[in-house]
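Whenever a hint applies, use it, and build me the whole structure from the sequences.
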Amino acid sequence: MPDQQMRITLTAWRQPSPETPGRFETYDVPGVSPDMSFLEMLDTVNERLIHDGREPIAFDHDCREGICGSCGMMINGVPHGPERNTATCQLHMRKFSDGDHITIEPWRAAGFPMIKDLIVDRAAFDLIIESGGYISAPTGGAPDANLIPIPKPVADAAMDAAACIGCGACVAACPNGAAQLFTAAKIQALNLLPQGQAERWDRTINMVETMESYFGSCTNHRECEAACPKSISIDFIALMNKDYAKAQLKQRRLVGQSFP
Amino acid sequence: MPADATADRRLPGQELTMPLDAKLPEGPLAEKWDNHKFDIKLVNPANKRRFDIIVVGTGLAGASAAASLAELGYNVKVVTFHDSPRRAHSIAAQGGINAAKNYKNDGDSIFRLFYDTIKGGDYRSREANVYRLAQVSVDIIDQCVAQGVPFAREYGGLLDNRSFGGAQVSRTFYARGQTGQQLLLGAYQALMRAVHTYGIELYPRTEMLDLVLKDGAAAGIVCRDLNTGEVFSMSGHAVVLATGGYGNAFYLSTNAKNSNVTAAWRAAKKGAYFANPCYTQIHPTCIPASDEFQSKLTLMSESLRNDGRIWVPKQIDDARRADQIPEADRDYYLERRYPAFGNLVPRDVASRASKREVDAGRGVGPMKNGVYLDFSDAIGRLGRPVIEERYGNLFEMYERITGEDPYVVPMRIYPAVHYTMGGLWVDYNLMSNLPGLFVLGEANFSDHGANRLGASALMQGLADGYFVIPYTIGDYLAPLLGQKPVPVDDPVFKDSEKAVDEQVRKLLSINGNKTVDELHRELGKVVWDNCGMARTEQALTKALSEIPAIRDEFWKNVRVLGENETRNQSLEKAGRVADFLEFDELMCLDALHRNESCGGHFREEYQTEDGEALRDDEHFAYVGAWEWKGTGAEPELHNEQLSFEYVHPSTRSYK
Amino acid sequence: MATTTTPPARSGGAAPIRKIPRSGPPIVRFYRTAVGKKWVMAVTGLILMSFVLVHLIGNIKLFLSKQEINLYGEALRDMPGHLLPRTWLLWFFRIGLIAAFAFHLHSAYGLTVINRKARPQRYQSKRDYVAADFASRTMRWTGIIVGLFIIFHLMDLTWGNANPDFLRGDPYNNLIYSLQRPVVAVAYSVAMIALGFHLYHGAWSLFQSMGINNPKINRARRVFAIAFAGVIMIGNLMFPIAVQLHLVDLKCPQTQPPTAACPAKS
Ligand SMILES: Cc1cc2nc3c(=O)[nH]c(=O)nc-3n(C[C@H](O)[C@H](O)[C@H](O)COP(=O)(O)OP(=O)(O)OC[C@H]3O[C@@H](n4cnc5c(N)ncnc54)[C@H](O)[C@@H]3O)c2cc1C
Ligand code: HEM
Ligand code: HEM
Ligand code: SF4
Ligand code: F3S
Ligand code: FES
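Residue numbers (this note's numbering), protein chains in the order written: chain Z, 79 to 338; chain F, 283 to 937; chain D, 173 to 438.
Please note that a few of the clues may not be correct.
Below, in silico cross-link-like pairs of lysine to aspartate or glutamate (EDC-like), each with a Cα-Cα straight-line distance of 20 angstroms or less [stated by the list, open to error]: (1) Z:Lys-230 with Z:Asp-313; (2) F:Lys-551 with F:Glu-909; (3) D:Lys-191 with Z:Asp-280; (4) F:Lys-386 with Z:Asp-222; (5) D:Lys-191 with Z:Glu-287; (6) Z:Lys-173 with F:Glu-909.
Honestly, the hints are just simulated from the structure, not real lab data. If you're wondering where the values come from, they're calculated on a predicted model, not measured in any experiment.
Below, the structure written as structure tokens:
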């Protein structure tokens, strides 16, 4: 088993800084073991580049367990590569064969400006959360955790939505560069819960409008769902659309208050 | 072969000096925290905004602290090297979080959680701290549920619990296999709310590279913007470090690739004491390395041991496939040696047992570096759907990584470094020996003693951040009212910036022949082989002579390409490895000085006839806190004696 | 390098692609956002869908007889009986239809502009789509084809300026003369195929846009879209085909009773 080594050709996007134009560079990568993860394969390329006196390929990564959402790149035109429900760091080289040509490229979207090589800046996601992706429960004074029972299916659905790791593959995948899957997952993880009701409508309006300042629109291509390493369902996008319309229709002013 | 019990086992030159005062409150255990909260000084709500607090780290500890402090009205600045606070390493925790809620009516209580934690920590932690931890554990769950953390629930809609890591009660709350992520998202969302509502200043992709002191007290930090290379300072009345553990001292560990000791170590180099660095935890159920390119190890949740049976072939170098080895030729060594607890013995016991089998040549897998965790009995007994429901996603993850289907072939597992109990020394207020420097979460020397129980790290991080620091920081700040923070153009900041800048330039200029990773791997191998699961005086002495050699080579022969002004990951890594090269020496020294076995620290010289850890309470019932005296110079050992009034140290037995 | 002030928090980051003013009546705010525009697309799409369905049913009368279809045209103008002056209700529907069409077009344009801005630099290597199908990726083009068709169609059959044989008040005659021209028949067919694709995605997509999502009906959405698109496309294609194959023609319109030149079909 350890001897079945592969040789692949890797074409990677190299861009030293946001200002410098980027281009593809191609490397010959011998000695790839099928047990390597995709990022370990890149590690070996980088080690070799350093020894050759060339700068290594910059790519984001951290946990390498598919949970932190740091990693991610287009691998042969698909975000996170060919294996479904799998983040780049969890993709292994046994999914490729000897002689394969692999092309890697960073996420491309206006909301994700380039930093270097395969690294882009996903801070816009934080702005979406900041605009309302929370339940205001200041520390202290929370009631007993079992005070409000939550039906299991509801808790499970909220958990399905909350599984999003914020990797940005949905934006990368979407032909429109839309962040609907991320935003919908974040909104619905809270909107579905009883604790999330008080701020439900404001949260929906604020998060949707912040999202729209940076990202494209959803025309239901379903690419995001296919690329998502946590298989977040586009059902949440539908629920978000529903909540958004309701939120705009809601008359949240109390009876007796006058219009401005 | 227990050494002569009466002889002082400390090495010459390592006499204990300067006992440390943990400032434990008076009164009966159960009332200490309440009394303390009443006794400490308060900052008037209107005055809180006059204080600047710098929080480094946005894991469970940092994010919860920053949010809670901002809610109180303090001016908070938050620094993390991650691109988003949500990516801190806490996100990776799978198993769960403990709390003494007793929702299961199985006899849990604050005292029992306290007791289990002290005992699990092998009597090397502070009673008062641990009791407080158990007390606030209850509030943590309430807080998290209020924030919308989707914990697992039962059909009736109430919270579900499971038992975890050898505990005899079900007190672990969990959210699928992603408890850490869900808790961190809760804390991160609270943090982002505070950014929005209370004006927290957030500095992502910013690495703290130095602690700055003015007149002996923490005055601020020096940071580097990872995207632009800009070095700058930030000043405040207090600095809170919540920068996580140092598991990557071993190169291969279950920690995220970027986890490091830099923040804590640079504080230590400024005079903060580093306590118990040799207490490192090895997790028994990780996927063994598959080749020499392995970049990190992956943890498989401990819950697998509830249904899986661990075994190795009886025969040495048995080349048969698992399914061809008959029952009679298998050794279920945990069940054999620990009939009461069987496969559920605590982490350290399980880990050492696996090591023993693999060292004896009974390891399995292509590299003979694992043991089997077999589910065929459970599948036979419960049926595949039940196993799928319980462990489906773990099995999937295993298959993704190894290419083997654990429903058919037994899993291969092996222990790996997972958590570090050691850290910067702190008193009851979580303040280090340096005034104004607070340390939270895994970065402090923690409440876990010599060994942490499963699902207790998340609890401690959140306890520190949500429920301890918001009160205790006021005690330090209140007398400082009216003082302005030290301006960032003060020479103390300028000098520090210069030093940081010089190190960056030095690293870029060496241009040697070895990559940072190569040197880190070399270092990791030395400490894993000599200061890993089982340690001996001889091995530690060897490590202590090898580490300085690698360090010298590093500073002569490392190759860091690229420039400072754009993103440079090799440069970041180089700085972190440089710190490990110093820190690992201290870790080995601490392991060498502690002539006993306790919890995660196992010295082969100190074990019972049947291979169990042998503590030496007479000589080592203290916290060993080291004061840095310069690279290569002998550090000075301070100690805090531990006294046990409520739980009496006994030998742990899981037979 | 070293500074004497702490730089501002969170420098860098993405620049917004557009500003969404937070003022104005809710409905205006709603329409400013892409989510709102999608709602409008869906609602107007539904209106247009009901029209094409009703229109198809009406047109089937072509196969019955000349009188039938001309009577049908007349009946439309006469709706609803004598309760309202002639053509009022028809105009009401027409105006609704024109408005729906205008909003559908306007929001389609708005979304396209947003989406262009959202990805200023395209992928430099070949993109491999996994889920997005031909229909979903060509909505803009199939929409435009259908739009051009409608203009031609009106010139052809309603205003008559594209139809040399146009006879006001005799749609039967107009239609058959028109569809007898092979070019027109082909154009009609192309447009109907485009419409089929547009609806294959649109009739599914509108449920998502309007948040109609429920595990109980989710499978049915796709079935509905396929059925609807199929009925409209095949139904409408029958006309140019039938005319081209002389199954209906002017020389022998299926008038009752049969004449010598045109005996009853057996
Ligand atoms: C795989 C795995 C599974 C685990 N499972 C469990 C479990 O089931 N239950 C349990 O209780 N515990 C578990 N643990 C342990 C637990 O996750 C950690 O101990 C805990 O999350 C640590 O939290 P923290 O806030 O202290 O630090 P971290 O979450 O590690 O956060 C550190 C933060 O500090 C920042 N930082 C560090 N250095 C610097 C610097 N120099 N400059 C700027 N920022 C810096 C980082 O960016 C990060 O934001 C697990 C650990 C691992 C590795
Ligand atoms: C000028 C003509 C037209 C143009 C330019 C046009 C364009 C578009 C565009 C760009 C979309 C959005 C694609 C998407 O969201 O997936 C769309 C959606 C749709 N269109 Fe059209 N279209 C036209 C005519 C029609 C007609 C005549 C009908 C009906 C018979 C129709 C029905 C729909 C439906 C149902 C949708 C789906 C709405 C949704 O997803 O919410 N369109 N159209
Ligand atoms: C091949 C299929 C079709 C045939 C045979 C057909 C036939 C006709 C006829 C005979 C008329 C004239 C009715 C009258 O003047 O009373 C008409 C009008 C019209 N048709 Fe069609 N049509 C077809 C497809 C379509 C499609 C697909 C659309 C839209 C997407 C459409 C939109 C219209 C409109 C808007 C009018 C004008 C209605 C009015 O004046 O109120 N038609 N069609
Ligand atoms: S929704 Fe999926 S693809 Fe998008 S950020 Fe979350 S995990 Fe990534
Ligand atoms: S791919 Fe894009 S169009 Fe919508 S369904 Fe997903 S966001
Ligand atoms: S590196 Fe964390 S998700 Fe891939």
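Evaluated hints:
Of the supplied pair hints, the one linking Lys-230 (chain Z) and Asp-313 (chain Z) holds, its CA atoms being roughly 18 angstroms apart against a limit of 20 angstroms. Straight-line distance between C-alpha atoms of Lys-551 (chain F) and Glu-909 (chain F) comes to about 8 angstroms, which keeps the hinted pair within the 20 angstroms bound. Restraint check for Lys-191 (chain D) and Asp-280 (chain Z): satisfied, since their Cα atoms lie roughly 18 angstroms apart, inside the 20 angstroms limit. Among the hinted pairs, Lys-386 (chain F) with Asp-222 (chain Z) is consistent with the structure: their alpha-carbon atoms are about 15 angstroms apart, no more than 20 angstroms.
A threshold of 20 angstroms between alpha carbons decides the hint, and for Lys-191 (chain D) with Glu-287 (chain Z) the separation of about 9 angstroms falls inside it, so the pair holds. Proximity of Lys-173 (chain Z) to Glu-909 (chain F) is assessed by CA-CA distance (about 50 angstroms); at most 20 angstroms being required, the pair is judged violated.
Consistency note: the structure conflicts with earlier hint 6 alone.
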